[in-house]
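Novice: Chain residues, written in single-letter form:
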Amino acid sequence: MSGSFFQQLCLAFICYVIAMNAYGADNPPPAGIFENSACIECHQKTSPKLISDWRTSSHASSEPLADCIACHGKLHESTAVTARRDSACIECHGGNKSPVVHSYTTSKHGVLMQLERKSYDWKQPLSGAKYRSPGCSYCHMRGADHNVNNMVRSDLMNVNAVNDVEIETRKVCQDCHAPRYIISLLVSGEDMLEIARKKVREANTLVTQATEDFSNDELEPARKIILTMQKHLKNVYLGAGHQSPDYQWWHGQPALDGDLLRIKGIVGELHRKKSSAIH
Amino acid sequence: MRSRYMWIPLILVIIAIVAGFQYIDWRQSGTGAGLYSHDWSPDPIQRYWDPVNFYKAPDTIQGVLEMAQCIQCHEAITPGIVNDWKASRHSQATEAVTCPDCHGSDHEQLHLPTPEVCGSCHTKQHTEFLDEARHGFPSHVLAMDRAVDAPHFVDKPKAEVQSCVQCHSVATKCDSCHTRHRFSAAEARRSEACITCHSGPPHPDDETYFSSAHGQIYLQEGDEWDWSKPLQKGNYKAPTCAYCHMDEGRHQVTEKSMWKFGIKEINPNTSSNKVLRERWVKRCTDCHEPQQARQWLKELDLERKSAWKKLYSAESILRSVRFNDAFFPAAGDRPTYPSSTWDRYFPRERIGFYEGQASAFYNVSPIERDYFEMWYFENLGAYKGAAHGDKSMVTKNHEAMDNSLQQIKQHAETLLKRKDTEADKTTNKKLWLEGEYTEFNRENN
Chain B
1 MSGSFFQQLC
11 LAFICYVIAM
21 NAYGADNPPP
31 AGIFENSACI
41 ECHQKTSPKL
51 ISDWRTSSHA
61 SSEPLADCIA
71 CHGKLHESTA
81 VTARRDSACI
91 ECHGGNKSPV
101 VHSYTTSKHG
111 VLMQLERKSY
121 DWKQPLSGAK
131 YRSPGCSYCH
141 MRGADHNVNN
151 MVRSDLMNVN
161 AVNDVEIETR
171 KVCQDCHAPR
181 YIISLLVSGE
191 DMLEIARKKV
201 REANTLVTQA
211 TEDFSNDELE
221 PARKIILTMQ
231 KHLKNVYLGA
241 GHQSPDYQWW
251 HGQPALDGDL
261 LRIKGIVGEL
271 HRKKSSAIH
Chain P
1001 MRSRYMWIPL
1011 ILVIIAIVAG
1021 FQYIDWRQSG
1031 TGAGLYSHDW
1041 SPDPIQRYWD
1051 PVNFYKAPDT
1061 IQGVLEMAQC
1071 IQCHEAITPG
1081 IVNDWKASRH
1091 SQATEAVTCP
1101 DCHGSDHEQL
1111 HLPTPEVCGS
1121 CHTKQHTEFL
1131 DEARHGFPSH
1141 VLAMDRAVDA
1151 PHFVDKPKAE
1161 VQSCVQCHSV
1171 ATKCDSCHTR
1181 HRFSAAEARR
1191 SEACITCHSG
1201 PPHPDDETYF
1211 SSAHGQIYLQ
1221 EGDEWDWSKP
1231 LQKGNYKAPT
1241 CAYCHMDEGR
1251 HQVTEKSMWK
1261 FGIKEINPNT
1271 SSNKVLRERW
1281 VKRCTDCHEP
1291 QQARQWLKEL
1301 DLERKSAWKK
1311 LYSAESILRS
1321 VRFNDAFFPA
1331 AGDRPTYPSS
1341 TWDRYFPRER
1351 IGFYEGQASA
1361 FYNVSPIERD
1371 YFEMWYFENL
1381 GAYKGAAHGD
1391 KSMVTKNHEA
1401 MDNSLQQIKQ
1411 HAETLLKRKD
1421 TEADKTTNKK
1431 LWLEGEYTEF
1441 NRENN
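Taken in sequence, the protein lines are chains B and P. The opening residue of the first sequence carries number 1 in the working numbering; numbering runs sequentially from there. The opening residue of the second sequence carries number 1001 in the working numbering; numbering runs sequentially from there.
Subject to a maximum C-alpha distance of 27 Å in a straight line, what follows is the list of computed BS3-like cross-link-like pairs (lysine-lysine):
#1 B/118 <-> P/1237
#2 P/1396 <-> B/231
#3 P/1086 <-> B/123
#4 P/1396 <-> B/224
#5 P/1409 <-> B/224
#6 B/108 <-> P/1158
#7 B/108 <-> P/1237
#8 P/1409 <-> B/274
#9 B/274 <-> P/1430
#10 B/97 <-> P/1396
#11 B/273 <-> P/1409
#12 P/1056 <-> B/108
#13 P/1260 <-> B/108
#14 B/224 <-> P/1430
#15 B/234 <-> P/1158
#16 B/274 <-> P/1417
#17 B/108 <-> P/1124
#18 B/234 <-> P/1396
#19 B/273 <-> P/1430
#20 B/97 <-> P/1391
#21 B/108 <-> P/1229
#22 B/274 <-> P/1419
#23 P/1429 <-> B/273
#24 B/108 <-> P/1086
#25 B/274 <-> P/1425
#26 P/1419 <-> B/273
#27 B/130 <-> P/1086
#28 P/1086 <-> B/171
#29 P/1056 <-> B/171
#30 P/1425 <-> B/273
#31 B/118 <-> P/1229
#32 B/224 <-> P/1429
#33 P/1417 <-> B/273
#34 B/118 <-> P/1086
#35 B/274 <-> P/1429
Chain B side only, calculated, beta carbon under 8 Å to chain P, not exhaustive:
#36 108
#37 112
#38 177
#39 185
#40 198
Just so you know, these hints were derived from the structure itself, not from any lab. The structure displayed is predicted, hence computed values, not measured ones. No residue lacks a Cβ here, since even glycine has one placed at the ideal position from N, Cα and C.
The whole structure should be built from the sequences, with the hints applied where relevant.
Specialist: Set out below in structure tokens:
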């Protein structure tokens, strides 16, 4: 017991020394308005990992650029509190009606956020269940991890790009949920996504095969539906990730069923037309 | 002479009745649940959506535990739920409701609290909830039965239909509306409590309510209202979902259910519907004049009548296509619903609510799918718009229904003119019956 207390004391001292080296005893975190270049210049010394994580993330190369002030605002006193709130993310991510945001706001996490956000202490760090429900940053930037790519899948058709995201996800969920529940949910989500992929692959194969018999113009309507399928596939992914049953289902699976059977209808009619022209 | 043999048919009838009950019992005794329980087994996650039927406690922790031990361990493993419980009324009651009270104390025999567990203290709410069953579907209490008895639930891969049971679990656990482990009444009084399930194309309750005058007032001012007050006259400036649908907090959403979600046509003028109608009027008169309320209901009647006129036109077109064997593909040339032996030997397209239109969204021809969307998305969207006071949704969806009807008409004309081609016997047969998902669905349901 005393050993661990001693360790903690040492740790606290080391932290203190690091902090003092960064700012100096009479150089506290500065107040005032800052531009992006100034943030980077200072934080490269005080918190280099944060900067390098951000640089690796897609935020650093996005259009518009999600730089420090885009999420944190320019006022140094309120930077953390500003960026922890969902409002920091929503505008760039398509607004309230975009599937990525709406799938979250209709989830139980999103509902509780909407109802209770005013009672939360936003000065608390993004870990350890300090918030009753997680906002965007709690899950996607847990413990202030500035590489947002750690928690998202970029290629939904890629079956293998799973593991890292899953490990990170489990850590976050476990602040509130039981380990077996989390694993079951993750497996179930992966299975749902794989079923959605099967529908997309079936449609892709069908249209590819049809190119042997039909021109691009004839297949244009089917190709348009193939593009819609990517949106519906993403809805399944968002629904599973954000826990919105409505996105998994109505915006996802049955929508894909409709796409698939309509593509079959188009290709089938083309075969019929060709066949009756021959005979 | 004749009366001497009367006992024969009598005995036969009795045997038939007993056998009938036995058969239903047997149907429900399989690895799954519901009427088709022999045709499916649950995915592991389903234990959390339907704990009564499928939950098994993890065997990783052994022992009979005291409350203090639960807290000590879970504060480290899952601090969120402990924080939540501590902030709940359960922890603050004179005689606190503790972990073992709801979950049991033997960790290897833990259970998830079902409505019965909650009902052992909250008797009034539980009784009201069970009472919904009197009115049949749609209702909260029968939602899980409804899900697992749907042909598409049985037929589709179980991983796919786990999406369904997440919402339909409103029948099997109380935390759908009062989230764990706070279980707050105030939370469930607010409209957002319902939108996780009451959202999306067939039931845009969220969209229509939030766009209505009621919803706009709620969105502007709701955060400032005192949500600890019961759902009674004078307590709230604008109504939430629960204010209108759960009179004074009664856990009974079906006793005013008249339009049945808009999925089938109802006669608003039957004597029983007149009683239900007056219940709605009574609720509206908490704030509005009764004449005004009756006028709104009349407008809803007209909207429904106009919607059903369009739907019946579409249905009769589809029936004429069926009568002429002109569907492409015909029912026999498309994947059958695996659970239906009947379909395999007597394939037939399903048209309309009473023939199972609710499952006719996959394995069907494009024109049938168009009707499914007209019926299930556009019609229901229009109904919700009319009932919740969102006129733009009514207009938008009625326009969409007009377009769909037009499209169905044109498509049917082409179909009726068609003649079988060589391709239908070869390429097209393969087209509909083969493919990665289609084959997977056939083998994994």
